[in-house]
Amino acid sequence: SEMARLLHSEIVIFTVLFALNTDFVCCNTGRRVGDVMDTELSGFSVPLEHSFEVDDVAKFRVRGALVLKAGREHSLSLSQNQLSEEDRVKLKEVAAVDGLYRIRVPRVFLQADRQTERQMEGYLTAFVRACAMVESHLSDVINIHTDVSGYLIGISIVTIPGACRGTEVEDEVDLEIFNTTLSIMAPVNAPGPETALFLERMDLETAKKEKNPQEQKSFFAKYWYLILGGAIFLMVTNSAQPPAGGGREQS
Amino acid sequence: MAKLIVLCLTFIALYINVDAVFEDQVGKFDWRQQYVGKARFSNFDQHVQSSKKVLVATENNVFAALNTRTGELFWRHVDKTGPEGNIDALLHHGQDAMLVVGNGRLLRSWDINVGGLNWEVVLDSGSFQSACLVGQQENTKHVAVLKKTAISLHYLSNGHQKWIENLPESETVDYQAVYSGGNGEVYALGVVPHSHVAIVAYSLDDGEIIKQISVEAPWLSNIQANCVVIGEGMLLCVDSPSVSLYMLDLHVQSQMTQIPLQSLGLEVAPGFHPVLVSTQPNPARQPLSEFFLQLAPEHHLLLQLNDGQIVTLRDFKPVCLFYSATHTSLLNTPQQLKSKILASIINLFSAETGRRLLDTTLIFNMVPNGGKPEKLHVQAFLKKDDSVGYRVMVQTEDHTLTFIQQPGRVMWTREEALADVVTMEMVDLPLTGTQAELEGEFGKKADGLLSMVLKRLSSQLILLQAWIAHLWKLFYDARKPRSQVKNDVTIENLSRDEFNLQKMMVMVTASGKLFGIDSKTGSILWKHYLDNIPSNAAFKLMVQRTTAHFPHPPQCTLLIKDKDTGLATLHVFNPIFGKTSHVTPPTLPQPILQSLLLPVMDQDYAKVLLLVDDQYKVSAFPSTKNVLKQLQEMAPSIFFYLVDSSQGRLSGYRLRTDLSTELIWDVVMPTEVQRIISVKGKRPNEHVHSQGRVMGDRSVLYKYLNPNLLAVVTESTDLHQERSFIGILLIDGVTGRIIHEAVQRKAKGPVHVVHSENWVVYEFWSTKSRRNEFSVIELYEGMELYNSTVFSSLDRPHAPQVLQQSYIFPSAISTMEATLTEKGITSRHLLIGLPSGGILSLPKMFLDPRRPEIVSEQSREENLIPYAPELLIRTEWFINYNQTVSRVRGIHTAPSGLESTCLVVAYGLDIYQTRVYPSKQFDVLKDDYDYMLISSVLFALFFATMISKRLAEVKLLNRAWR
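As you go down the protein sequences, you meet chains A and B in turn.
The first sequence lines up with residues 1 to 251 when you count with full-length UniProt numbering.
The second sequence lines up with residues 1 to 962 when you count with full-length UniProt numbering.
Accuracy of the hints is not assured; some may be wrong.
[Unchecked claim] Straight-line distance between alpha carbons at most 16 Å, and here's what the computed EDC-like set of lysine to aspartate or glutamate pairs gives: (1) B:Lys768 / A:Glu194; (2) B:Lys211 / B:Glu169; (3) B:Lys375 / B:Asp359; (4) A:Lys59 / B:Glu662; (5) B:Lys823 / B:Glu757; (6) B:Lys823 / B:Glu662.
Hints are computed from structural coordinates only; laboratory data are not their basis.
Bound conformation, chain A alone (with noise of 0.2 Å):
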């Protein structure tokens, strides 16, 4: 948000690329309004709509601009407006009467190739507590989920911090503009059984047995200690019980 804050332009883009592997790079570039047009020729975007009311009856207006780009690994940015003054006073009223902060974006397929097959009907929405909106100082983060072939499947908000605790925020700053944390996510593949790690370890651990010139050693050679020792316990047995004779006569 300090970042956010310095550049103090109306647009605040973040862009997150997401591998398929989960190890997704993060680079807040704070590129201008004119980089987002180059990437929608390559990218499409699609509205990211938000609704707070009192009466918990959603009415969607547009919160910002969702630029996607498909490909091997999906790329996401965002370029939302700062909330203004009248939404700033409601979204507080819907967090004092505990109402949702809702948002959706319309389903799509990233995969198609025309504008017109990438639309389908119906939206993705999630929600969040206004509350904790309000007292996050507008810091989300924003999950969108792909399938396997590039279908957006669901949308998640959270807010961090994300309890509510009642704190009042008094600077409308504060309030003023989203600090986003964007992700896109598509399913991560499931390991399958280890059979080729494991064969080779085994096949190491044998090596290792067969390099071991302790382990080639005969038994005799390996437990002459024990045979050796359960021979002295014999004779000491032995020994120690002589003929009542023979005991006597020593004596």
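Given chain A's structure and the hints, the job is docking chain B onto it.
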């Protein structure tokens, strides 16, 4: 010496793992009941007078022989499920039984004495139509099988095909029946709907067509439903629009003669389709010339064909069911008492004359809340004095088989509905009367000192009385020989035992019959048949009030939902006695989408059941003022989710104070890519004892214990083995947040999932490696807990760490469940039902994504087993030793009062109940615990101390004097 040492070591290693039952424990804590399912065909073995077998072929593809004296199974053969093992026909001759299986795929012959297979032949392809035994000159040596396009004849002795012939004009003619009258000819009867009847007669010897006739019959469309062959080869058909019988002599080509029923003075009940029934007692002889005609649901006629004329022998009215056997026919007359059928009377009549035989009346008492009789199977025999005696097996709508002997003594009953258990619950038994009395005393509010004292005195008196009665019973029983003392469990003496190990199993079956079964003995304590259950009903059983709230009776609610219309009804009952509750359930005019049992309780301690209808309106049951008030207060914190698998949509809703709902999240999975196959939450009665796991370096890894977490399993629509996949999504059911999303590539279902604590285990088929694989996902919060006191889905911003590992499993599985204990201290095991009939108890320890590939000091400290890709099935892990459970469909686990013990019920075709001890019986002293030794050691030590103390004192004293 070397071998000796090695052997000793292996022995020790084995000894540690042995966890099986000892021979003397067999059947002590477990029981198994075997079922066959709803009977489709049944035949008494009558070739020997003394035989006591009845053969049943069932809808569940089971062929079995029952003992007519006891009702127990002599033998049983369980075939494949589904149409592949479907039994199409049962023909019985002498000591052989012929079965046509799998829509005419196989013809099998069984020896009914021992249940062994005589022979099996694979028939030519083609859908099966009919089969009959073919005899000639008092000898039956062949069986004829009619298929859509061909007819074949097989030897009874070895199954070899004698001949096979193509049916003429089989493209147009629909051949439906095969008939043989014992004269060396086999007739195939076909029909061209609304045109003509085609009859082809084949020679028994070489399959040559002797005769081929075609007779005009524009009114006929189905031979099997309308026609029978009677007497000397007369085809008799009934046509309901023209209300007449049609007759045709098969030997002479001619016209069908029409005989209007009116000319016989008969009238058909309006809207009823008349039915003809004939009997052919011996396949080598022609059928009887007497036959039945049913004119109304309760109106039957016994008719006779005499010189081409039809004569009425007897008019039976009102009669529900009849059965025709060799020389006798049997009738069942319901006796109407107070407009409720309480008993049926069964009489035996002579088919030749229509006269009732003397002393053959048998009264069949209907069980209250049972089904109506559906089928009769009669075993008639000649008594020593040449009079006719008989026994009846009555099959009722609720799939019960009742075997009755004259004059109405029930020999045995088999509850075959239990072969199709759909869902079940285990309910604690109530306290005994005295315990309840004491409980009640504390439950009531205090009203004055004196009355309290009096109440206390009275309850103490009752206790004293019970104790004296108990002593008296002990004394009384001690005098009797041990064998006579029986501890029969009845509904009256049911009470909770010390460790709550005995429970009431409430089982819901697909037929709509409910059972209450004692978990200790397996005896059925109550049964209740719900009629008018739709055939495609889905059931959900919920325990609204447990037995813990005396004097309020326990209460279970069964939600019955028609899968097509979505309309639902509620059945509220007492799970201990099976009685329908006085509480009237609400009528539900709208289709129900979802039901949820809230932890919120009414004043009378009944948990609130919320029902969401298709208008997304919520209704509560019970819906008292108190409940509604509580709901209003809690509404913003009540969330629920709906799954629409046809659209791939999961949506979350929140309750509003006016009991309407609002959509708050949705996740949509496009149906063109994948479809949702299962959604699993956690069990609400599950306790997790420890919040984290102690690592090797003594730090704690905290578990992510989200009670609202859902495991959603999807399967790809593309089933090509390279592209098919299984998707696993972990979704928070309150916020709709996708916690984890993974795909298992080159995999397909069926997927079995268990979701518990902080882990999800699933099993699938790997198309790449062609094997079954297990995968386990565990979720951890990390080294720090976000909020240790309470879990809220709304306030857990950080995503958990996800660990996953997969294993190879050497067998397919039928079902899977996790053990459950009272406090969750005991380690968990997975109970896996295998298709082989074994139930495997696999320690969860083996399915742990933290199993290290390279063993380190820390992992050893943590007791982690080094990773091995294959999970082995150890024979000592089978909890049901040799008690095979056929076709396991579900496993139910319930905690007992002992933390170490978990009660397990596996159900499928059979029911098996047992106890498992995942961490051994750490809270129970062993049976052979040596009390003598420990007490003698204690005493010895005590005396030793005393003596040594004394000696020490003396020594001290001596030293002081010195």
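Hints versus structure:
1. B:Lys768 / A:Glu194: Holds, because 14 Å separates the two Cα atoms, which is no more than 16 Å.
2. B:Lys211 / B:Glu169: holds (14 Å)
3. B:Lys375 / B:Asp359: violated (22 Å)
4. A:Lys59 / B:Glu662: holds (13 Å)
5. B:Lys823 / B:Glu757: holds (13 Å)
6. B:Lys823 / B:Glu662: With Cα atoms ~36 Å apart, Lys823 (chain B) and Glu662 (chain B) exceed 16 Å; violated.
The structure shown violates the earlier hints numbered 3 and 6.
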